[in-house]
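Can you build the whole structure from these sequences, using the hints too?
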Amino acid sequence: MEQFRQIGEVLGSLKALLVFRDNIQINERQCFLLYDVYNSAYDSIAEEMRLNLRFEEKNTNKWRILEQPLREVYGVCREGEAYVKQCLETKDWLAKALLLHHNSDCVELHIHNLLCCIPSVFEAIDMVGEISGSDQDEIQKKKRLYHGKYLKDYRDWKLFQRKFGKQYLVSQEFCNRCEMVLKEDKWVMLNRIKDKKILGLSKNEQRLLDFLFESFDGSEPFNGKLLPLSILLKSKDYQVRRRLGGRSQYKEIIWFGESFVTRHFLGDPEPLLPDISSLLSLSHPNINNFLCGFADEEKKEWFLVMELMSKDLLSYIKEICGPRKRIPFSLPVAVDLMLQIARGMEYLHLNRIYHGDLNSSNILVRARASSNIFTEGNYLLAKVSGFGLASVRSSTNQNETFPFIWYAPEVLEEQEQTGHAENSKYSEKADVYSFGMVCFELLTGKVPFEDGHLQGDKMSRNIRAGERPLFPFQTPKYVTNFTKKCWHADPKQRPSFSSICRILRYMKRFISLNPFDYNNQQDPPVPLLDYFDIESSLLRNSTSWGCPDQFSSISQIPFHMFVYRSLEKEKTNSSSKDTSEESGSDAASICGDEGVNIIDDTLPSAQERKSLTSSDSMNKRLSISKKPSDAKTKKPGLSPPPIAGLTELC
Numbered sequence: 003m004e005q006f007r008q009i010g011e012v013l014g015s016l017k018a019l020l021v022f023r024d025n026i027q028i029n030e031r032q033c034f035l036l037y038d039v040y041n042s043a044y045d046s047i048a049e050e051m052r053l054n055l056r057f058e059e060k061n062t063n064k065w066r067i068l069e070q071p072l073r074e075v076y077g078v079c080r081e082g083e084a085y086v087k088q089c090l091e092t093k094d095w096l097a098k099a100l101l102l103h104h105n106s107d108c109v110e111l112h113i114h115n116l117l118c119c120i121p122s123v124f125e126a127i128d129m130v131g132e133i134s135g136s137d138q139d140e141i142q143k144k145k146r147l148y149h150g151k152y153l154k155d156y157r158d159w160k161l162f163q164r165k166f167g168k169q170y171l172v173s174q175e176f177c178n179r180c181e182m183v184l185k186e187d188k189w190v191m192l193n194r195i196k197d198k199k200i201l202g203l204s205k206n207e208q209r210l211l212d213f214l215f216e217s218f219d220g221s222e223p224f225n226g227k228l229l230p231l232s233i234l235l236k237s238k239d240y241q242v243r244r245r246l247g248g249r250s251q252y253k254e255i256i257w258f259g260e261s262f263v264t265r266h267f268l269g270d271p272e273p274l275l276p277d278i279s280s281l282l283s284l285s286h287p288n289i290n291n292f293l294c295g296f297a298d299e300e301k302k303e304w305f306l307v308m309e310l311m312s313k314d315l316l317s318y319i320k321e322i323c324g325p326r327k328r329i330p331f332s333l334p335v336a337v338d339l340m341l342q343i344a345r346g347m348e349y350l351h352l353n354r355i356y357h358g359d360l361n362s363s364n365i366l367v368r369a370r371a372s373s374n375i376f377t378e379g380n381y382l383l384a385k386v387s388g389f390g391l392a393s394v395r396s397s398t399n400q401n402e403t404f405p406f407i408w409y410a411p412e413v414l415e416e417q418e419q420t421g422h423a424e425n426s427k428y429s430e431k432a433d434v435y436s437f438g439m440v441c442f443e444l445l446t447g448k449v450p451f452e453d454g455h456l457q458g459d460k461m462s463r464n465i466r467a468g469e470r471p472l473f474p475f476q477t478p479k480y481v482t483n484f485t486k487k488c489w490h491a492d493p494k495q496r497p498s499f500s501s502i503c504r505i506l507r508y509m510k511r512f513i514s515l516n517p518f519d520y521n522n523q524q525d526p527p528v529p530l531l532d533y534f535d536i537e538s539s540l541l542r543n544s545t546s547w548g549c550p551d552q553f554s555s556i557s558q559i560p561f562h563m564f565v566y567r568s569l570e571k572e573k574t575n576s577s578s579k580d581t582s583e584e585s586g587s588d589a590a591s592i593c594g595d596e597g598v599n600i601i602d603d604t605l606p607s608a609q610e611r612k613s614l615t616s617s618d619s620m621n622k623r624l625s626i627s628k629k630p631s632d633a634k635t636k637k638p639g640l641s642p643p644p645i646a647g648l649t650e651l652c
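Following my numbering, the numbering of the sequence shown begins with 3 at its first residue and continues without gaps.
Quick caveat, the hints were computed from the structure, so don't treat them as lab data.
Here a beta-carbon is modelled for each residue, glycine too, at the ideal position from N, C-alpha and C.
Where hints are given, some of them may not hold.
[Stated by the list, open to error] When the alpha-carbon atoms are kept at most 20 angstroms apart in a straight line, the in silico DMTMM-like pairs for lysine to aspartate or glutamate are as follows:
(1) 236 with 260
(2) 253 with 298
(3) 479 with 525
(4) 168 with 158
(5) 431 with 416
(6) 236 with 212
(7) 93 with 197
(8) 460 with 412
(9) 238 with 207
(10) 188 with 212
(11) 60 with 49
(12) 185 with 38
(13) 238 with 260
(14) 198 with 186
(15) 494 with 469
(16) 236 with 94
(17) 573 with 158
(18) 479 with 570
(19) 571 with 532
(20) 238 with 298
(21) 487 with 412
(22) 154 with 535
(23) 151 with 140
(24) 60 with 45
(25) 494 with 415
(26) 227 with 300
(27) 160 with 181
(28) 196 with 212
(29) 87 with 38
(30) 227 with 277
(31) 236 with 299
(32) 302 with 272
(33) 205 with 94
(34) 236 with 303
[Said to hold, decoys possible] Restraint ranges, calculated between C-beta atoms of paired labels, are given here:
(35) 283 with 201: 24 to 34 angstroms
(36) 272 with 353: 19 to 29 angstroms
(37) 201 with 230: 18 to 28 angstroms
(38) 542 with 232: 57 to 67 angstroms
(39) 199 with 542: 48 to 58 angstroms
(40) 269 with 201: 36 to 46 angstroms
Now the structure itself:
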């Protein structure tokens, strides 16, 4: 209950901020959408709690499973509040416009994170609701009711949206707003630029406004236009603060009162203009965005301006691990970082950009606004960098001794055949292999193979032969199996980043619903099924499952998690039923009666549930019968683990 109260406090703070909504100069439509979605989430959670939970039980162990899912929603709301504050600040408008002019953090970061949390909250409420009260007949009725929620019929996106869209915040109205809000902000920005251009601005500021206008207007091909370098270097407040990472080509600068990073190149940029145009058009919260570019045609030098982050992941891990080599992140934080990196890579691959050099030096991090309210550890914002412009790429890897330890076996084989690393063909599956190595670093705090069991020239040969880093024994098995799948020797066996994102979201849901102290307890809870098996089954049986578009990757998140849960229940129920048949027992499975037939063509909504407490009303909706199941081989290890002192409820 305390976590729910805190969510309400943040919403009150946001409401107070939006008293000055007319002062929002950048991305105001996204800010309004964010506030509306947060309020809808609060109302939806409140309604589910009111209909399913008993207030007098709030301080009992029954409500414990709700704490972490609600705490995560609270953290998401805190981050959204910080974003709105950033958009409200009017100081140094031009720098803010450069930094946020095609920023999609509202939709792609804050709403994404909220939609990941909401299914866990509702599932936790259902679990508590099933065991609330003391009337056993009522408890059994509620179990049958919740079981009917996960029917096969609702594994269709359109049916799911029609039935559960409002509850899970993905109604058609919401999807339409998500599609329109970025276009609306673009239109508002164009009008703001027109207003600013008539003011008494300097020549350099006018040129920057022209750049912003052309990048938005779309009436003429943008073609990665590079502005004269003098606009950057001769700005009145431009100054270089420091070199970054010991590499002279990266520098932190102050410009128009804001901190940025510049990357310096030598040579003629003309052949690279198509690539530069592509980079300048990208925008995602989990990639290091390129904001604008400058060139001096006579000196043949040019700069790209990027957003500033705190440090790279490799340096961060080294700092917090220390000489004792302790594990750098708790499991929830590590999995959260894995999902962010995977989302950045998914976005690049959807834009047909393959990284080719993904490692912890090319992942930048900074503290998140919510990091101080999580007890498990410091949560970070992660951004993939070092991609694009392969022909002028310089290694950013700080482990220069063996840079190939992140490369896929097929890349190492090609390099050996050609003798040149630059000629290696980048591919999606090679990036997935490198991602697996980054996951190893996040989970262990170690650079792959740093334990010394592979050395020198043997390392490359043995990697191609199938040698991989060794996990500590205490690493949860389901996480190590996930990582091993990513670095599989056969590229065809490695998943896509879209599949990886779906699996990691569901893995986060499992961790959220299974609170566990990984430092002081043995035998951590494990999922009932391998999530790769669920994903593979869905990819085989649905041609549209693995084809995300620009907005379905956000709006369909609750649906994907619902389908995962539906299949998980189906498979575990079948296993439980087979076990019961083999033992000759007629006892019901852990989900109650398995043969629940829905007679009505719709399931009861949250508003209808109050009317289902009597036997007569329940029988109008449900017809209960026992059905024989097909004989199946018993699968070992599927006994449900305890969840926060409660039995796993389906």
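Hints versus structure:
1. 236 with 260: holds, 16 angstroms
2. 253 with 298: Distance of about 18 angstroms is within 20 angstroms: holds.
3. 479 with 525: holds, 10 angstroms
4. 168 with 158: Distance ~16 angstroms between residue 168 and residue 158 Cα, so the pair holds.
5. 431 with 416: Holds, at about 15 angstroms.
6. 236 with 212: With Cα atoms ~17 angstroms apart, residue 236 and residue 212 stay inside 20 angstroms; holds.
7. 93 with 197: holds, 17 angstroms
8. 460 with 412: The given pair, whose Cα atoms are some 16 angstroms apart, holds under the 20 angstroms limit.
9. 238 with 207: holds, 11 angstroms
10. 188 with 212: holds, 15 angstroms
11. 60 with 49: holds, 16 angstroms
12. 185 with 38: holds, 18 angstroms
13. 238 with 260: holds, 13 angstroms
14. 198 with 186: Distance ~18 angstroms between residue 198 and residue 186 Cα, so the pair holds.
15. 494 with 469: holds, 18 angstroms
16. 236 with 94: Status holds; Cα separation ~17 angstroms.
17. 573 with 158: Holds, at roughly 18 angstroms.
18. 479 with 570: Roughly 18 angstroms separates the two Cα atoms, so the pair holds.
19. 571 with 532: Between residue 571 and residue 532 the Cα gap is close to 13 angstroms, so the pair holds against 20 angstroms.
20. 238 with 298: Holds. Residue 238 to residue 298 sits at ~19 angstroms (cutoff 20 angstroms).
21. 487 with 412: Holds. Residue 487 to residue 412 sits at ~16 angstroms (cutoff 20 angstroms).
22. 154 with 535: holds, 18 angstroms
23. 151 with 140: With Cα atoms ~17 angstroms apart, residue 151 and residue 140 stay inside 20 angstroms; holds.
24. 60 with 45: holds, 19 angstroms
25. 494 with 415: Answer holds: residue 494 to residue 415 is near 16 angstroms, not above 20 angstroms.
26. 227 with 300: Answer holds: residue 227 to residue 300 is near 17 angstroms, not above 20 angstroms.
27. 160 with 181: holds, 17 angstroms
28. 196 with 212: holds, 9 angstroms
29. 87 with 38: holds, 16 angstroms
30. 227 with 277: Satisfied, since the Cα-Cα distance of roughly 11 angstroms is no more than 20 angstroms.
31. 236 with 299: holds, 16 angstroms
32. 302 with 272: holds, 10 angstroms
33. 205 with 94: Holds. Residue 205 to residue 94 sits at ~17 angstroms (cutoff 20 angstroms).
34. 236 with 303: holds, 16 angstroms
35. 283 with 201: 24 to 34 angstroms: Because 28 angstroms falls inside the window, the suggested range holds.
36. 272 with 353: 19 to 29 angstroms: holds, 23 angstroms
37. 201 with 230: 18 to 28 angstroms: holds, 22 angstroms
38. 542 with 232: 57 to 67 angstroms: Once the Cβ atoms are compared, 58 angstroms apart, the range 57 to 67 angstroms for residue 232 and residue 542 holds.
39. 199 with 542: 48 to 58 angstroms: This hint holds: roughly 55 angstroms between Cβ atoms.
40. 269 with 201: 36 to 46 angstroms: At roughly 37 angstroms between Cβ atoms, residue 201 and residue 269 fall inside 36 to 46 angstroms, so the hint holds.
In summary, this structure violates none of the numbered hints.
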